[in-house]
Amino acid sequence: MSERQVLISVRNLKKYFYVKRSFFGKIQKTLTAVDDISFDIYKGETFGLVGESGCGKTSAGRTIIGLYDNTGGEIFFENKLISAGSEGFKVKMQFLRDQMKSELKAVLKDNFEEIARIKEQYEVVIKDEESKYHDALKKQRNAKRNPRDIQMIFQDPYTSLNPRMTVAEIISEGIKTHKLLEGDQIMERVYHLLETVGLKREHASRYPHEFSGGQRQRIGIARSLAVDPKLIICDEPISALDVSIQAQVVNMLEDLQNEFGLTYLFIAHDLSMVKHISDRIGVMYLGKLMEIASSDDLYDKPLHPYTQSLLSSIPLPDPEANKKSKRIKLEGEVTSPINPKPGCRFATRCKYAKDVCKTQNAELVEVLPNRFVSCHFVKEINNL
Amino acid sequence: MIVRENILEVKNLKTSFFTHLGEVKAVRDISFSLKRGGILGIVGESGSGKSVSSLSIMRLIESPGRIIGGEIIFDGVDLAKLSENEMSDYRGSELSMIFQDPMTSLNPVFTIKNQMIEVIRRHVRITKEQALKEANNIEKPEEKEKALKRIEKGLTRRVNKKEALERAISFLKLVGIPEPETRINEYPHQFSGGMRQRALIAMALSCEPKLVIADEPTTALDVTIQAQILDLLKRIKKELDTTIIFITHDLGVIAEICQDVIVMYGGMIMEKGSVNDIFYRPQHPYTKGLHQSIPKDVVGQKSRLVPIEGSPPDLLNPPKGCPFSPRCKYAMDICLEEAAPLFKITDTQTSACWLQHVDAPDVKGFTKSGGVE
Amino acid sequence: MDKNKFKFLDSEQKLDKEQIRKSLTYWQDVWRRLRKNKLAIVGLISVVLILLFATIGPMLNKYTYNKQHLDYKNIPPRLEVYELDEDLIVYMSGMYHLILVSEKGELLQRFSLANADRNLITRRYTYRLFDEEDNEIAAVIADFSYQTDPNKIDEGIPFSLTYNDQEYKLPTDKVWNRTFLLGTDLNGRDLLARVMYGTGISLVIAFAAALINFFIGVLYGSISGFVGKTTDIIMMRIVDIINSIPLLLYVILLMFVLKESWFEINVLNRIFGEGGLGTIIVTLISVYWVGMARLVRAQVLGLKEQEYVLAAKTIGVSNYKIIKKHLIPNALGPIIVTMAMMIPTAVFTEAFLSFIGLGISAPKASLGSLASDGAQFMQTYPYQLVVPSLTIAFMMLAFNFLGDGLRDALDPRLRKG
Numbered sequence: 063m064s065e066r067q068v069l070i071s072v073r074n075l076k077k078y079f080y081v082k083r084s085f086f087g088k089i090q091k092t093l094t095a096v097d098d099i100s101f102d103i104y105k106g107e108t109f110g111l112v113g114e115s116g117c118g119k120t121s122a123g124r125t126i127i128g129l130y131d132n133t134g135g136e137i138f139f140e141n142k143l144i145s146a147g148s149e150g151f152k153v154k155m156q157f158l159r160d161q162m163k164s165e166l167k168a169v170l171k172d173n174f175e176e177i178a179r180i181k182e183q184y185e186v187v188i189k190d191e192e193s194k195y196h197d198a199l200k201k202q203r204n205a206k207r208n209p210r211d212i213q214m215i216f217q218d219p220y221t222s223l224n225p226r227m228t229v230a231e232i233i234s235e236g237i238k239t240h241k242l243l244e245g246d247q248i249m250e251r252v253y254h255l256l257e258t259v260g261l262k263r264e265h266a267s268r269y270p271h272e273f274s275g276g277q278r279q280r281i282g283i284a285r286s287l288a289v290d291p292k293l294i295i296c297d298e299p300i301s302a303l304d305v306s307i308q309a310q311v312v313n314m315l316e317d318l319q320n321e322f323g324l325t326y327l328f329i330a331h332d333l334s335m336v337k338h339i340s341d342r343i344g345v346m347y348l349g350k351l352m353e354i355a356s357s358d359d360l361y362d363k364p365l366h367p368y369t370q371s372l373l374s375s376i377p378l379p380d381p382e383a384n385k386k387s388k389r390i391k392l393e394g395e396v397t398s399p400i401n402p403k404p405g406c407r408f409a410t411r412c413k414y415a416k417d418v419c420k421t422q423n424a425e426l427v428e429v430l431p432n433r434f435v436s437c438h439f440v441k442e443i444n445n446l
Numbered sequence: 002m003i004v005r006e007n008i009l010e011v012k013n014l015k016t017s018f019f020t021h022l023g024e025v026k027a028v029r030d031i032s033f034s035l036k037r038g039g040i041l042g043i044v045g046e047s048g049s050g051k052s053v054s055s056l057s058i059m060r061l062i063e064s065p066g067r068i069i070g071g072e073i074i075f076d077g078v079d080l081a082k083l084s085e086n087e088m089s090d091y092r093g094s095e096l097s098m099i100f101q102d103p104m105t106s107l108n109p110v111f112t113i114k115n116q117m118i119e120v121i122r123r124h125v126r127i128t129k130e131q132a133l134k135e136a137n138n139i140e141k142p143e144e145k146e147k148a149l150k151r152i153e154k155g156l157t158r159r160v161n162k163k164e165a166l167e168r169a170i171s172f173l174k175l176v177g178i179p180e181p182e183t184r185i186n187e188y189p190h191q192f193s194g195g196m197r198q199r200a201l202i203a204m205a206l207s208c209e210p211k212l213v214i215a216d217e218p219t220t221a222l223d224v225t226i227q228a229q230i231l232d233l234l235k236r237i238k239k240e241l242d243t244t245i246i247f248i249t250h251d252l253g254v255i256a257e258i259c260q261d262v263i264v265m266y267g268g269m270i271m272e273k274g275s276v277n278d279i280f281y282r283p284q285h286p287y288t289k290g291l292h293q294s295i296p297k298d299v300v301g302q303k304s305r306l307v308p309i310e311g312s313p314p315d316l317l318n319p320p321k322g323c324p325f326s327p328r329c330k331y332a333m334d335i336c337l338e339e340a341a342p343l344f345k346i347t348d349t350q351t352s353a354c355w356l357q358h359v360d361a362p363d364v365k366g367f368t369k370s371g372g373v374e
Numbered sequence: 015m016d017k018n019k020f021k022f023l024d025s026e027q028k029l030d031k032e033q034i035r036k037s038l039t040y041w042q043d044v045w046r047r048l049r050k051n052k053l054a055i056v057g058l059i060s061v062v063l064i065l066l067f068a069t070i071g072p073m074l075n076k077y078t079y080n081k082q083h084l085d086y087k088n089i090p091p092r093l094e095v096y097e098l099d100e101d102l103i104v105y106m107s108g109m110y111h112l113i114l115v116s117e118k119g120e121l122l123q124r125f126s127l128a129n130a131d132r133n134l135i136t137r138r139y140t141y142r143l144f145d146e147e148d149n150e151i152a153a154v155i156a157d158f159s160y161q162t163d164p165n166k167i168d169e170g171i172p173f174s175l176t177y178n179d180q181e182y183k184l185p186t187d188k189v190w191n192r193t194f195l196l197g198t199d200l201n202g203r204d205l206l207a208r209v210m211y212g213t214g215i216s217l218v219i220a221f222a223a224a225l226i227n228f229f230i231g232v233l234y235g236s237i238s239g240f241v242g243k244t245t246d247i248i249m250m251r252i253v254d255i256i257n258s259i260p261l262l263l264y265v266i267l268l269m270f271v272l273k274e275s276w277f278e279i280n281v282l283n284r285i286f287g288e289g290g291l292g293t294i295i296v297t298l299i300s301v302y303w304v305g306m307a308r309l310v311r312a313q314v315l316g317l318k319e320q321e322y323v324l325a326a327k328t329i330g331v332s333n334y335k336i337i338k339k340h341l342i343p344n345a346l347g348p349i350i351v352t353m354a355m356m357i358p359t360a361v362f363t364e365a366f367l368s369f370i371g372l373g374i375s376a377p378k379a380s381l382g383s384l385a386s387d388g389a390q391f392m393q394t395y396p397y398q399l400v401v402p403s404l405t406i407a408f409m410m411l412a413f414n415f416l417g418d419g420l421r422d423a424l425d426p427r428l429r430k431g
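Chains as they are written, first to last, in our numbering: chain A, 63 to 446; chain B, 2 to 374; chain C, 15 to 431.
Hints are computed from structural coordinates only; laboratory data are not their basis. Even for Gly, the Cβ is constructed at its ideal location relative to N, Cα and C. Check the hints yourself; a few may be wrong.
[Said to hold, decoys possible] Just the calculated beta-carbon pair ranges, DEER-fashion: (1) B:L61 to A:R66: 50 to 60 angstroms; (2) A:N401 to B:T20: 44 to 54 angstroms; (3) B:K235 to A:V186: 57 to 67 angstroms; (4) A:Y220 to B:N318: 15 to 25 angstroms; (5) A:K391 to B:F111: 28 to 38 angstroms; (6) A:Y220 to B:N108: 18 to 28 angstroms.
Based on the provided sequences and hints, a complete structural model is requested.
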């Protein structure tokens with residue numbers, strides 16, 4: 063591949079949902095949907111993001127496109143900052159203050175030394191967070207996001223189109239909002255887009271409920287193409303479609319990529335389809351990235367224990383192969399992303415887990431060229 | 002291998018829904034048989050009729066739908082002719098169903114215990130031996146006479162709450178739910194998705210039915226949980242000798258768990274065969290098309306999917322002739338006029354395609370048939 | 015088997031690949047469901063009839079709502095008449111006016127009663143009928159001693175009529191009043207015309223209130239629901255506070271304050287005319303907008319997370335446009351139902367207020383004020399109360415049936431693919 067430019071860069075992205083506040087607004091439960099993930103997507107490639115339910119892939123997609131404000135971390139598009147998260151620092155400050163208060167309560171009132179010590183200890187940390195907070199605020203003020211750059215294709219073809227708008231209105235909404243064209247040119251572009259996605263000009267005046275699922279998904283794709291985006295985030299675009307239609311849509315996405323030089327972030331849980339369409343894949347689990355590799359490398363030789371068991375769980379459309387394959391069984395269920403415990407998120411289900419896994423989180427490290435894994439014992443497990 | 006008898010024979014089943022827009026022909030004449038102890042997979046996409054077929058077998062079709070023809074011979078009895086009362090005796094005890102969405106299949110306001118015991122007490126009766134033991138403990142001679150006479154006729158009493166509870170707990174254990182004695186008192190929302198599905202399976206098995214129909218039971222679950230559930234079903238079939246019908250659109254799952262396969266499209270059966278037949282020697286253009294449209298990438302090569310062009314048929318106005326003809330590469334004149342019968346390919350495999358007919362042109366990949374099934 | 019049939023088709027022969035299912039539009043589907051609901055159709059037809067009654071009715075009617083016919087005060091719709099002779103059929107009203115009635119029931123002329131003809135001792139009054147040239151045509155003697163004379167009370171009649179020396183003690187016939195189909199009030203005004211007019215006024219008030227409530231409620235509710243967070247909390251608490259006051263009490267107080275106030279005289283009456291029409295509309299609005307606001311907010315909250323709204327956000331559509339093009343059109347169903355149900359509520363509230371004297375006043379008339387006027391004479395002229403009350407009841411039932419039917423017809427869950 064000729065010199066690859068980074069189109070979008072995600073650094074330490076965090077998206078927390080603060081569920082359950084007390085009457086006074088004190089946060090009691092934090093849902094760590096996306097918890098410090100970093101990756102790059104190169105221009106023209108398809109980056110797949112996989113994981114099971116609750117792993118945070120959909121939240122990641124929505125945070126990247128700006129539907130959610132990121133709690134922490136930064137997103138760069140074409141090397142320019144488009145989003146800096148500050149809320150996380152503010153919440154952390156509040157949390158530290160509360161912690162300090164409760165620690166002070168436990169100390170006797172006349173133990174001035176201890177009180178001073180605790181206060182000093184906390185002041186340092188709180189000040190640190192505060193400066194980070196203001197930094198992030200400043201960055202966010204200077205950050206500029208152009209909505210045309212990143213577009214999204216949604217999962218459910220039955221709810222992603224406004225039932226009261228015609229196909230033409232749906233597709234042209236972006237064009238009109240950004241005043242890209244005027245008058246007749248708008249309809250010409252709508253017709254052109256319809257034909258590009260394999261529909262007909264006559265369809266422009268119809269309503270969504272007159273179309274099948276596959277056709278509706280094509281309309282959604284036409285809508286996102288209308289503003290000439292550079293990156294399209296595909297959030298489970300084929301999960302709700304029949305098998306025979308999925309192939310049509312996937313082929314079309316590939317063709318469009320070649321024709322318009324698009325870059326895709328392909329979020330899905332159908333691992334075989336992700337492998338087919340992606341150049342590189344990131345595997346998420348409970349808000350964290352466990353492994354990033356090219357799709358061939360990932361399927362040929364997965365390095366992270368989670369990826370290994372995930373891939374071995376896929377039933378292949380090949381009866382004899384299924385009989386021969388050794389399934390790595392995963393016991394138990396996915397733990398909750400609410401108020402997670404420290405340490406590696408996968409530790410509770412990992413058969414290689416040791417003590418350090420339960421206390422310390424593993425960083426995403428490049429263990430082989432272009433292969434990133436976050437596991438303390440990745441080398442030992444795979445005999446590297 | 003011992004040849005086992007057929008536990009289910011479906012003959013020319015037809016089910017339609019009479020809506021204000023017209024008659025939706027959901028199932029248009031399907032016939033198949035199922036051996037005791039086997040696992041049959043029914044694969045098809047939306048509109049193929051696979052779910053409606055299973056609901057028809059369970060006689061769960063409600064207005065405006067109706068079974069309009071055919072026989073459903075289960076263990077010698079034609080289910081299609083039973084009254085609703087008679088059928089409700091069969092449901093749960095002789096044949097039961099596992100549905101797709103574990104979130105909505107369990108009643109959220111009742112505990113698991115409540116729901117399982119309800120089913121068990123409806124159907125399960127104590128064994129003859131146990132009844133005899135109880136009868137022998139009766140003191141008054143006239144009452145003893147009466148009780149023994151009833152046992153003679155085969156009427157034992159239904160299990161009581163305690164017995165039902167024990168049975169429920171044992172089934173929860175069977176499906177792998179940890180600490181079943183305490184967890185049985187919980188509500189569905191306290192169970193995770195995978196656990197709920199296990200509980201549903203336990204409920205479906207609790208009366209030891211002969212046939213279990215599983216309608217897309219793993220579609221809503223994660224891949225790792227799906228693997229657990231499929232393993233569970235395989236184990237249960239072994240331990241309880243239950244016959245299973247597994248309905249899905251996922252070819253991988255079919256290959257993983259099923260022994261025999263039926264491929265449905267547009268309310269009709271396109272192809273029937275053993276799992277190896279369907280995967281290694283498919284005869285019908287639709288089956289072949291399905292295989293080509295799912296990714297089977299070999300590491301290192303990037304191949305292109307070959308989709309089946311077009312979309313699923315409109316069941317209000319199904320095409321005359323073969324339902325797949327509008328999308329079929331090999332469609333011939335006769336395909337538009339008349340649906341093909343199921344041609345016999347081997348002892349185990351049949352395919353409903355005119356290409357199998359003696360007079361059809363020779364095409365690579367399609368064998369001619371000896372005769373009609 | 016015809017061997018020729020085994021020929022491959024070329025692509026044109028294959029059926030149209032992408033079958034587009036032509037199904038009904040949203041409103042066609044709604045109409046179809048509404049049609050099936052018999053009660054709703056009854057309601058719809060009734061509403062149409064009511065509208066025609068109020069709008070076209072007055073044009074077809076001979077009389078206006080405020081013309082007084084002093085000869086014919088308090089005449090009921092059904093008359094008990096005395097046929098004294100061929101061509102001499104008379105009716106005695108409750109006010110003891112004697113009226114000449116035609117065979118069919120038309121009111122022709124009123125008899126005169128001079129003071130000299132009133133014999134207060136015998137209680138015999140002589141009524142005389144004159145023609146245009148003041149010639150006496152007939153004289154009828156009414157004997158009211160049947161009410162006072164102890165010997166005659168037992169006969170149980172209020173009076174007898176004597177003509178040409180023949181005494182008639184009981185009415186001979188019952189006819190429908192063909193001049194004033196629903197009778198007249200104490201000022202001789204045609205009750206039918208007044209009821210038509212009153213219905214019109216009630217409808218104007220109800221529709222105006224519903225319409226203005228729509229705008230206020232939608233604006234308030236959509237902002238609250240869309241913006242969310244603190245704004246939503248504050249806006250909804252205001253709504254809660256307004257809601258916690260018993261509405262009827264609030265309405266009465268407001269009417270009390272506004273009536274005769276500077277605001278009413280200089281602002282409302284200028285816009286809406288005399289009689290308090292504006293005042294009552296303002297009162298209804300200031301209380302009932304709350305229901306609409308709540309509903310719209312709930313709808314917006316639910317629709318906000320729909321994928322097509324998210325898609326619009328990612329495209330960069332402004333918030334105002336999102337509310338206008340995506341949220342409100344999809345929330346119209348419950349909004350329409352709420353408006354349809356608001357109408358009977360408004361009708362009833364207005365009627366109630368007018369009944370207790372706080373609503374519409376002269377020169378205008380509403381169904382409530384008509385009922386109020388009629389209530390005074392409940393014992394003697396019950397029709398003056400019954401007719402407007404039945405009209406109110408009929409209107410409310412009709413709108414309620416229609417509203418119920420609309421609710422079912424617009425329910426999105428019932429809509430299939």
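Right, here's what the structure says about each hint:
A hinted range of 50 to 60 angstroms holds for the C-beta pair B:L61 and A:R66, which are about 56 angstroms apart. In this structure the hint that A:N401 and B:T20 lie 44 to 54 angstroms apart at CB holds, the actual value being about 49 angstroms. At about 59 angstroms, the beta-carbon gap between B:K235 and A:V186 stays in the expected band of 57 to 67 angstroms. In this structure, A:Y220 and B:N318 meet the distance hint of 15 to 25 angstroms, their C-beta atoms being roughly 22 angstroms apart.
Hint check: A:K391 to B:F111, Cβ distance near 32 angstroms, so the stated range 28 to 38 angstroms holds. One distance hint, 18 to 28 angstroms for the beta-carbon pair A:Y220 and B:N108, holds here, with the actual separation near 27 angstroms.
Hint compliance for this structure: every hint is met.
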